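> As given, the protein sequences belong to chains L and H, one line each in that order.
If you want the numbering used here, it's the position in the first sequence, counting the first as 1, plus 216.
If you want the numbering used here, it's the position in the second sequence, counting the first as 1, plus 6.
Just so you know, the hints here were simulated from the structure itself, not pulled from any lab data.
Some hints could be false.
[What the hints assert, rightly or not] Computed footprint of chain L on chain H, listed as stretches where at least three residues anywhere in the stretch have a Cβ under 8 Å from a Cβ of chain L:
| hint | segment |
| --- | --- |
| 1 | 57-63 |
| 2 | 631-644 |
[As the list claims (entries may be wrong)] Distance ranges between label pairs, derived from CB positions:
| hint | chain 1 | residue 1 | chain 2 | residue 2 | range |
| --- | --- | --- | --- | --- | --- |
| 3 | H | Arg51 | L | Arg375 | 23 to 33 Å |
| 4 | L | Arg336 | H | Glu642 | 27 to 37 Å |
| 5 | H | Thr157 | L | Glu251 | 26 to 36 Å |
| 6 | H | Asp232 | L | Glu251 | 25 to 35 Å |
[As the list claims (entries may be wrong)] If the Cβ cut is set under 10 Å, some of the chain H residues that face chain L in the computed set are:
| hint | residue |
| --- | --- |
| 7 | Pro52 |
| 8 | Pro54 |
| 9 | Arg67 |
| 10 | Asp129 |
| 11 | Thr224 |
| 12 | Asn269 |
| 13 | Asp303 |
| 14 | Leu671 |
Note that the structure is a prediction, hence the values are computed from the model and not measured.
All residues carry an ideal CB built from backbone N, CA and C; glycine is no exception.
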Amino acid sequence: MLGPGAADVAFEVNGHPASVHVPPHHTLLDALRDELGLTGAKRVCDEGTCGACTVLVDGRPTYSCMTLAVACEGRSIETVEGLAHDGQLDPVQQAFIATDAYQCGFCTPGQIMSVVALLRANKAPTAEDVHRAVAGNLCRCGAYPGIVEAALRAARARRR
Amino acid sequence: MKSDHARVVRTRVEFEGEITDELALIQGDDVEAWPEGAALEKVGRPTPRIDGASKVTGRARYTHDLRLPGMLHVRILRSPYARARVRRIDASQALALAGVRGVLHRFNAPKAAFRGEETIFRDEVRFVGDEVAAVAATSEEIAAQALRLITVDYEVLPHVVDLEEAMDDASPRIDEKGNVEEAAKHERGDVAGALREADVVVEATYRTSTQLHNSFETHGAVATWDGDLLTVHESTQHVFGVRQGLQAALRIPYGKIRVLCENMGGGFGSKGGVGKYTIIAALFARELGLPVRCVLDRGEENLAAGNRSATLQRVSVAVKGGRITALAHDSWSNAGQGRWVADPTGPTKGLYDVPNVRARSYKVMANTGSLSAFRAPGYVEGTFALEAAIDEAADRARIDPLELRRRHAAGEHDPMSGLRYSLKRLIDCYDIGAKEIGWSRRKPGGLRGSAPGTRRGLGMASQLWGGSGLPPAYAMVHLNPDGTAVARIGTQDIGTGTRTIIAQICAEELGIDVDAVRVEIGDTDSPYAPISAGSLTVSSIGPAVRLAARDAREQLLEIAAGIMEVPKTELRMQRGSIGARGALRSIAKVFEDLQNYTVIGRGARMPNPEDVSMKTFGAHFAEVEVDPRTGEVTVERVVAVHDIGRVIDPLTARSQVQGGVIQALGFALTEERHVDRATGRVLSTSLEIYKVPTVKDVPKIVVRFVDVPDTEANNIGAKGLGEPPIIPTAGAIANAVSNALGIRVRHLPLTPRRLLQLVAAAEAEGAGGRGAARPS
Ligand code: FES
Ligand code: FES
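Could you build the full structure based on these sequences and the hints that come with them?
Written as structure tokens, this is what we have:
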């Protein structure tokens with residue numbers, strides 16, 4: 217194979233240090249799923265159109281299939297696996313369950329990460345804000361009404 | 007005493023519009039359905055999914071997520087030609103690549119039967135995407151690289167990909183018998199006479215486009231052999247169907263095959279059985295002695311994993327004296343390389359009480375990927391054409407289109423079989439929906455829109471589907487000493503919440519909490535259950551689960567009667583306890599002296615009644631705003647009303663309806679597979695180009711259920727809901743747009759370009775005197 221060989225990359229995943237040895241063209245999604253066994257983020261299109269691979273990179277919702285793993289050196293990555301603490305689900309996760317904001321659940325990890333990022337930036341989002349936040353997260357099952365409801369519900373729960 | 011002996015019965019079953027008599031093995035006796043108004047504690051209550059936590063934490067494991075030690079990866083070489091003979095394959099360079107473990111193609115692969123053919127790699131490939139060879143390697147990347155090192159010598163043959171071109175006698179023949187084949191026909195009454203004598207006759211041609219499922223989890227399997235035992239993890243709607251396909255392909259006993267599907271990322275009809283990728287994974291795994299993963303990528307998914315056929319439909323409606331006197335419907339569907347075809351004339355034959363009906367449906371073969379069932383196959387396409395034509399007839403006859411339908415919707419007998427309906431509340435659906443949408447605002451010619459130049463319209467369409475379920479289906483319920491239970495059944499959850507409804511039914515019968523029931527599905531080592539398709543899961547497995555739980559309960563009561571020294575008939579089981587007149591004892595307490603005992607209940611789905619017709623009905627109402635200058639259609643509101651018998655979980659049922667409406671929205675407005683006629687290549691293989699609805703496209707969706715149990719259908723009174731909500735939406739939207747603009751919509755999806763063409767055509771015609779395109 218041409219080009220530089222595999223390199224060590226160190227970053228933080230869900231608050232813990234992690235390092236992977238990956239070729240430079242491998243994506244963050246490859247690293248998470250194949251190297252670290254974090255299969256919550258899903259590969260649906262692998263080209264930045266569906267949002268199923270969304271994770272937070274330094275707090276920003278990011279398509280991990282469009283992000284090179286080597287570009288994540290020193291960054292902080294958050295995935296759906298890291299949201300619950302001590303067996304306690306994040307309010308967004310709880311709201312997704314309460315409003316049935318999924319069907320097959322395949323897009324769900326990505327949807328949840330987009331909503332989590334929204335609620336950190338905006339404590340009282342409108343439905344319009346939610347639409348904008350998850351506009352890049354497709355759902356083939358059409359769970360959108362529940363997703364919007366879940367985001368608004370989680371925001372309310374957080375404010376209390 | 008219950009009759010425990012197994013016996014074979016004949017039962018009438020309906021699957022996706024086809025009614026057949028089948029034999030089924032059953033055991034035990036049935037119980038009466040819970041009556042209307044029964045005081046149920048779990049069933050009918052909004053219940054969040056019991057597997058919700060696994061889905062929101064990323065813990066839910068899908069086939070895609072499986073990583074087994076030593077696992078190899080497969081990539082498939084697919085034909086770049088729409089039709090060609092594979093003359094020679096040279097894989098030596100690919101095999102020489104470091105990391106490549108094997109290559110399979112038609113010259114070295116063992117025989118493996120697949121859908122009536124003897125081998126999975128054809129000598130004549132018949133669509134762009136047809137399997138030519140497969141490579142197994144230590145990584146997907148290496149396998150993909152190896153594909154480029156395989157040289158194939160093709161003899162390119164003439165092809166045809168387009169439906170209407172394939173129907174043309176001058177086009178290349180794919181099959182010796184021709185490209186067009188009759189698939190279904192029905193005639194009742196005197197259609198020609200009714201057309202002759204009618205006051206108004208509408209005759210119009212409708213077209214729908216090929217829709218791609220785009221399940222988020224692409225098709226795929228992971229196969230592994232332990233000695234002679236094959237285990238396959240597959241994203242599938244039917245684990246038992248995959249097992250059967252593997253048995254046929256590999257000629258090994260059922261006892262040596264186990265198929266698992268813990269979670270699946272959507273299927274929508276396309277994951278009904280074994281795939282070539284499954285067989286390829288199993289063959290490589292056997293040959294190489296390691297687990298093998300074969301998962302399609304998004305592009306392959308949209309080439310070779312099925313689709314909803316494009317259709318060409320001609321519909322005639324005759325109206326006389328304010329009633330529809332005849333319907334005629336001819337339909338041609340592009341089956342691609344499929345061996346069957348769905349029937350778009352189903353709704354025309356059975357939805358309305360019309361005395362004179364003629365329906366014919368044809369399968370057309372072409373050099374494109376095979377169709378596969380796509381959520382209400384045929385009925386989505388056919389309902390659009392039928393309901394658009396009925397609206398056109400209503401406009402011409404100056405009758406409110408809902409009123410015209412009402413005159414044909416109250417019949418108590420199925421016009422196809424003559425049998426009485428077990429339950430039919432279509433008129434209720436109309437009443438509820440009309441009120442909710444504000445149907446009285448509808449005016450012929452539409453309403454003014456919210457912005458200058460825009461128009462607003464209302465439209466509706468009705469829905470007919472089966473969904474009554476069928477045997478065989480079996481369930482087992484294990485009741486543990488602490489009062490918790492495990493339900494085992496070989497069904498699978500396509501995403502509708504199957505585990506949760508099983509837990510609800512179990513909990514209801516056992517008088518325990520829903521949380522106290524663990525549900526094990528997706529495993530062929532569990533009792534048999536049918537395919538999760540055709541809206542038949544709840545109505546097939548639900549009654550079996552109820553009987554299994556009941557069997558466990560009866561056994562426990564028997565034991566408790568002995569221990570408590572109270573006659574069994576006086577004992578009740580509720581809230582985790584067993585009691586009789588004041589004395590209450592927890593299940594755990596009853597078990598105390600029995601050591602580590604498990605009560606095992608069994609249940610079988612009983613046959614369907616012979617003397618009734620069991621259907622689901624519904625109506626959707628749409629309100630749209632249209633900008634005739636940009637061609638943009640905004641669907642503002644959809645009211646979806648369904649009559650599906652008892653609703654087991656209103657929470658997940660609502661999701662299913664919303665999901666159906668949204669998928670239909672894509673079918674109506676944006677989703678279309680584009681194929682290049684010259685090369686046969688699919689141009690819309692990515693989610694960038696193929697437009698599925700996004701959150702911003704979604705209208706306000708109001709979901710209503712009639713929610714009256716069908717107590718004749720089965721012991722839980724429920725019918726299916728998978729397909730009903732996708733069936734009438736496109737018709738309702740098309741009719742709303744027609745109402746808004748006074749232009750007939752006859753071609754879906756109604757993209758801005760198509761709408762602008764319609765507007766331009768209507769204006770051109772209007773210039774020469776108000777033409778037939780406008781309602782009189
Ligand atoms: S998989 Fe990354 S955006 Fe689709
Ligand atoms: S829940 Fe299935 S894709 Fe969103």
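> Next step is simple, just say for each hint if it's right about the structure.
Hints, one by one, checked against the model:
no.	hint	verdict
1	57-63	holds (count 5)
2	631-644	violated (count 0)
3	Arg51(H) with Arg375(L): 23 to 33 Å	holds, 28 Å
4	Arg336(L) with Glu642(H): 27 to 37 Å	holds, 32 Å
5	Thr157(H) with Glu251(L): 26 to 36 Å	holds, 34 Å
6	Asp232(H) with Glu251(L): 25 to 35 Å	holds, 27 Å
7	Pro52	holds, 9 Å
8	Pro54	holds, 5 Å
9	Arg67	holds, 7 Å
10	Asp129	violated, 32 Å
11	Thr224	holds, 8 Å
12	Asn269	holds, 7 Å
13	Asp303	holds, 7 Å
14	Leu671	holds, 8 Å
Hints 2 and 10 from the list above are not met by this structure, while the remaining hints are.
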